[in-house]
Amino acid sequence: MKIALAQISPVLGDPERNLKLHLDYIRKAVSRKADLVVFPELSLTGYTLKDLAAELALNPRKSPAFKKLLEASRSIDLVFGFVEEAADDPGPVYNAAAYLSRGRILHIHRKVFLPTSGMFEEGRFFAAGRQFRPFDAGKVKTGLLVCRDFLHYGSSYCHFAGGAGLIITISAAPGRGVDEPRSPGFQTSRMWELMGEAVSFFSSAVVVYCNRVGYEDGAVFAGGSFIYSPFGKKIAQLPYLDEKFEVIEVDLQEIGRARKSWPFRRDERPEVIWQSLEKIIRENHED
Amino acid sequence: MKINLPLVVKTLTGFIREETRKAGFDRVILGLSGGLDSTVCAYLAVRALGPQKVLTLIMPYRDLDREGVAHARKVARLLKVKFREIDISPQVDAYFAAFPTDNPVLKGNKMARERMSILYDFSAREKALILGTSNKTELLIGYGTIHGDMACGINPMGDLYKTQVRELGRHLRIPKEILVKKPTAGLWPGQTDEGEIGLSYEELDRILYLLVDRRQKPDEVVAAGFERKKVKRIVEMIKKSEFKRKMPPIAKISSRTVGHDFLYPYDWGK
Numbered sequence: 001m002k003i004a005l006a007q008i009s010p011v012l013g014d015p016e017r018n019l020k021l022h023l024d025y026i027r028k029a030v031s032r033k034a035d036l037v038v039f040p041e042l043s044l045t046g047y048t049l050k051d052l053a054a055e056l057a058l059n060p061r062k063s064p065a066f067k068k069l070l071e072a073s074r075s076i077d078l079v080f081g082f083v084e085e086a087a088d089d090p091g092p093v094y095n096a097a098a099y100l101s102r103g104r105i106l107h108i109h110r111k112v113f114l115p116t117s118g119m120f121e122e123g124r125f126f127a128a129g130r131q132f133r134p135f136d137a138g139k140v141k142t143g144l145l146v147c148r149d150f151l152h153y154g155s156s157y158c159h160f161a162g163g164a165g166l167i168i169t170i171s172a173a174p175g176r177g178v179d180e181p182r183s184p185g186f187q188t189s190r191m192w193e194l195m196g197e198a199v200s201f202f203s204s205a206v207v208v209y210c211n212r213v214g215y216e217d218g219a220v221f222a223g224g225s226f227i228y229s230p231f232g233k234k235i236a237q238l239p240y241l242d243e244k245f246e247v248i249e250v251d252l253q254e255i256g257r258a259r260k261s262w263p264f265r266r267d268e269r270p271e272v273i274w275q276s277l278e279k280i281i282r283e284n285h286e287d
Numbered sequence: 288m289k290i291n292l293p294l295v296v297k298t299l300t301g302f303i304r305e306e307t308r309k310a311g312f313d314r315v316i317l318g319l320s321g322g323l324d325s326t327v328c329a330y331l332a333v334r335a336l337g338p339q340k341v342l343t344l345i346m347p348y349r350d351l352d353r354e355g356v357a358h359a360r361k362v363a364r365l366l367k368v369k370f371r372e373i374d375i376s377p378q379v380d381a382y383f384a385a386f387p388t389d390n391p392v393l394k395g396n397k398m399a400r401e402r403m404s405i406l407y408d409f410s411a412r413e414k415a416l417i418l419g420t421s422n423k424t425e426l427l428i429g430y431g432t433i434h435g436d437m438a439c440g441i442n443p444m445g446d447l448y449k450t451q452v453r454e455l456g457r458h459l460r461i462p463k464e465i466l467v468k469k470p471t472a473g474l475w476p477g478q479t480d481e482g483e484i485g486l487s488y489e490e491l492d493r494i495l496y497l498l499v500d501r502r503q504k505p506d507e508v509v510a511a512g513f514e515r516k517k518v519k520r521i522v523e524m525i526k527k528s529e530f531k532r533k534m535p536p537i538a539k540i541s542s543r544t545v546g547h548d549f550l551y552p553y554d555w556g557k
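Top line first, the protein sequences correspond to chains A and B. No gaps in the numbering here: position 36 of the first sequence is 36 in this note's numbering, and each next residue is one more. Numbers given in this note's numbering equal positions in the second sequence, counted from 1, plus 287.
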C-alpha cells in the first residue's frame, strides 16, 4: 500500500483556498500512484479557528467541498480534517476527520479529547466526539484519531481491540520546548514519536501520523509526520517545520507477521479490560 | 535554560517570513539602538528576508547614548541594510519645554513613544511591517514602555529570555562589543538595566525561568537557593505589569462583545 503524507500549511479560515490545496495534492498523490493521501487536522479550515469554527462547519451530506472531495476519492482514498455539523443535530460542531474512498464516506471520526488548557481552547469552540470505532477501509481495517486523541493511549487501544491494522492520526500539533540543544526538533515532537513507536509495536499496527506546518497567531506547527511499521520501526520521517509531500510504500503483510511474532493481538482480553474499567468507573462514581 | 540554537533560528526566521507575508508586507522595519535585542532582531530579519527587505531607523536623543549609535551604524553596515538616522531631540525637547520634569522615567517613556510614532509613520511610508524587539524578561517584569518600545507588528523574540538572546547573538555572530556591553534602556547617561532593576540578568532570568517555565511557587524558588527578597520583588513586578501584556478590558454590556465572546484569530484568512 502506498501512503502519501501531505504535511501542508492550510490557510486559516479560508476553506476555498484549502480545498484547492487539497485537490492539488490529491492530483500529485494520484500521479505518484498512491493508494491513500493523508492531510493534517482541520486541513480544510486551519486550526486556530475560535468563533470561525461554528461559521465554517460543514454538513458532509450537503457540502459542495465534500462533493468535490468525494469525486476525487474515486481515484484515491483520502483522509482530511474539517469542522462537522451534523444534519440531524444542528448546533454542536466537531473537530472531525473523514475517510473517503471510491466516492463514498467510509468513516467520520469526531475528536474525543479536546485540549483545553494552556495555549489550547478547543473545548470552548467544539463539542467532543463520543466513540472510537475502527472500520473496514478495503485493504485493511483502519482506525482514525485526531491529534490529542493519540496521546490518550486508550484511544489507540480501542482501535487495536477492534482489530485495526492501520491507525491514522491527523494532527495540528504546535512545537514547544527548545531546551534540548542536541535534539533536531521540538521536545513535543519527541512525545509524538514516542507514542508512535509504542502504539505501533504493541498494537502490531501501522501507525500513520500526519502533522501540519506553518504559523498561526504566533504558534508554530512542528511537522515531523511519520509512519511506524507493525514491528515498531520508523519507516518514514518527514522534516520538522518544513512543508513536505512524500509517498511511502507500506507493506500490510507486516501486520500479520508482527502478530505472529508478538501475539499481543491474539492474547488480548478486551472483556477483562472492559470489566475492570466498568468496576473502576462505578467505584469512582460512588465516592 | 540552554536552547537549541539552530532550531530557534529556523523557527524565528520562518515566523518573520510567514507573518510578514500574511500581514500583507514584503519587508520589515525596526529601530536599531545598538543594543543586544535590536541587533539580534536585525540579524534574524536579514536571515529571514535578505538585507534588501530590512529597513532600520537609528533614533538618538541628543548625545545620550553615543556608543549605541556607533554600534547601530556598525550593525547596519555589517548587515548591508538601509538605515536612516532621525534625531528625536527637537520634538522631545519641545514637549518638555512646555511640560518640564526632572523625572528620567517620564523622559524615557516619552522618547520611547516618539520612536514608536516615527516607526509607525515610516511603516506606512515604506510599507514595511514593524518588528518588535522586546524579550521575555522585559515582557514579564514590565521593563518596557507601553505603546512605546513594546508596540510592534510582530515580535519574534518575546519568548526568549535576555540571557538566551545573548546566546542567540553569539550564535549569529553579532559584533562582540555589543555582546559584552551592559544592557541599557538609554534613560540617562551611564544608566544600565541591571543597575535599575537591581538584579543581574543571569539571576533574574533563572528566577523567572523557575517561576514561569517550570511553574514553581515563590517558596520553591527560594528553596532552590534564591534570596526571598529578590523572588518576592520579581513576583510583584510580574503582577504589576500584567496591564502591559493585555489589551485594555472592555466593559461588557451586550450579548457579544469584542475581546470577550467575539473571538477571531489574528491570522484570519491569511
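Since the hints were derived computationally from the structure, they do not count as laboratory data. Be a bit skeptical, because a hint or two may be false.
To be verified - Restricting the straight-line Cα-Cα distance to at most 30 Å, the calculated cross-link-like pairs of lysine-lysine (DSS-like) are:
hint	chain 1	residue 1	chain 2	residue 2
1	A	K20	B	K557
2	B	K557	B	K394
3	B	K423	A	K50
Claimed, not checked - Negatives, chain B to chain A, calculated, CB over 12 Å:
hint	residue
4	M288
5	L299
6	V379
7	G395
8	R400
9	I441
10	E529
What the hints assert, rightly or not - Just some of the chain B residues that point at chain A, by a computed CB distance under 7 Å:
hint	residue
11	I290
12	L294
13	V295
14	E305
15	Y407
16	F409
17	A411
18	Y496
19	T544
20	H547
21	L550
22	P552
23	Y553
24	D554
All values reported here derive from a predicted model rather than from experimental measurement. Just so you know, even glycine gets a beta-carbon here, dropped at the ideal spot from N, CA and C.
Comparing the hints with the structure gives:
About 15 Å separates the Cα atoms of K20 of chain A and K557 of chain B, which keeps this hinted pair within 30 Å; it holds. Restraint check for K557 of chain B and K394 of chain B: not satisfied, since their Cα atoms lie roughly 39 Å apart, outside the 30 Å limit. Pair hint K423 of chain B plus K50 of chain A holds up; C-alpha atoms about 26 Å apart against a cutoff of 30 Å. A beta-carbon of chain A comes within 12 Å of the beta-carbon of M288 of chain B; the shortest separation is about 7 Å.
Under the 12 Å C-beta cut-off, the non-interface status given to L299 of chain B relative to chain A is violated; the minimum distance is some 9 Å. For V379 of chain B, the shortest C-beta to C-beta distance to chain A comes to about 33 Å, beyond the 12 Å cut-off, and the non-interface label holds. For G395 of chain B, the requirement that its beta carbon stay farther than 12 Å from each beta carbon of chain A is met, with the minimum near 28 Å. At roughly 24 Å from the closest C-beta of chain A, the C-beta of R400 of chain B stays outside 12 Å, upholding its exclusion from the interface.
I441 of chain B, annotated as away from the interface, has a beta carbon of chain A within 12 Å; the closest lies near 8 Å. A cut-off of 12 Å between C-beta atoms confirms that E529 of chain B is not in contact with chain A; the least separation is 17 Å. Annotation: interface hint on I290 of chain B holds; nearest CB of chain A at approximately 5 Å, less than 7 Å. Residue-level restraint check for L294 of chain B holds (minimum Cβ-Cβ distance to chain A is 6 Å; threshold 7 Å).
For the restraint placing V295 of chain B at the interface with chain A, the shortest Cβ-Cβ distance is roughly 5 Å, inside the 7 Å limit, so the hint holds. Because the smallest distance between the Cβ of E305 of chain B and any Cβ of chain A comes to about 5 Å, under 7 Å, the interface hint for this residue holds. Because the beta carbon of Y407 of chain B sits about 21 Å from the nearest beta carbon in chain A, more than 7 Å, this interface hint is broken. Of the supplied interface hints, the one on F409 of chain B is violated, with its beta-carbon coming no nearer than about 24 Å to a beta-carbon of chain A, more than 7 Å.
The interface hint given for A411 of chain B is violated, since its Cβ lies 23 Å from the closest Cβ of chain A, which is over the 7 Å cut-off. Hint on Y496 of chain B is violated. Least Cβ distance to chain A is approximately 9 Å, over the 7 Å limit. For the restraint placing T544 of chain B at the interface with chain A, the shortest Cβ-Cβ distance is roughly 12 Å, beyond the 7 Å limit, so the hint is violated. Of the supplied interface hints, the one on H547 of chain B is violated, with its beta-carbon coming no nearer than about 11 Å to a beta-carbon of chain A, more than 7 Å.
For the restraint placing L550 of chain B at the interface with chain A, the shortest Cβ-Cβ distance is roughly 4 Å, inside the 7 Å limit, so the hint holds. With its C-beta approaching chain A no nearer than about 4 Å, P552 of chain B sits inside the 7 Å limit, and its interface hint holds. The closest approach between the C-beta of Y553 of chain B and any C-beta of chain A is roughly 4 Å, which is under the 7 Å cut-off, so the hint is satisfied. Hint status for D554 of chain B relative to chain A: holds, with the closest Cβ pair at about 5 Å, below 7 Å.
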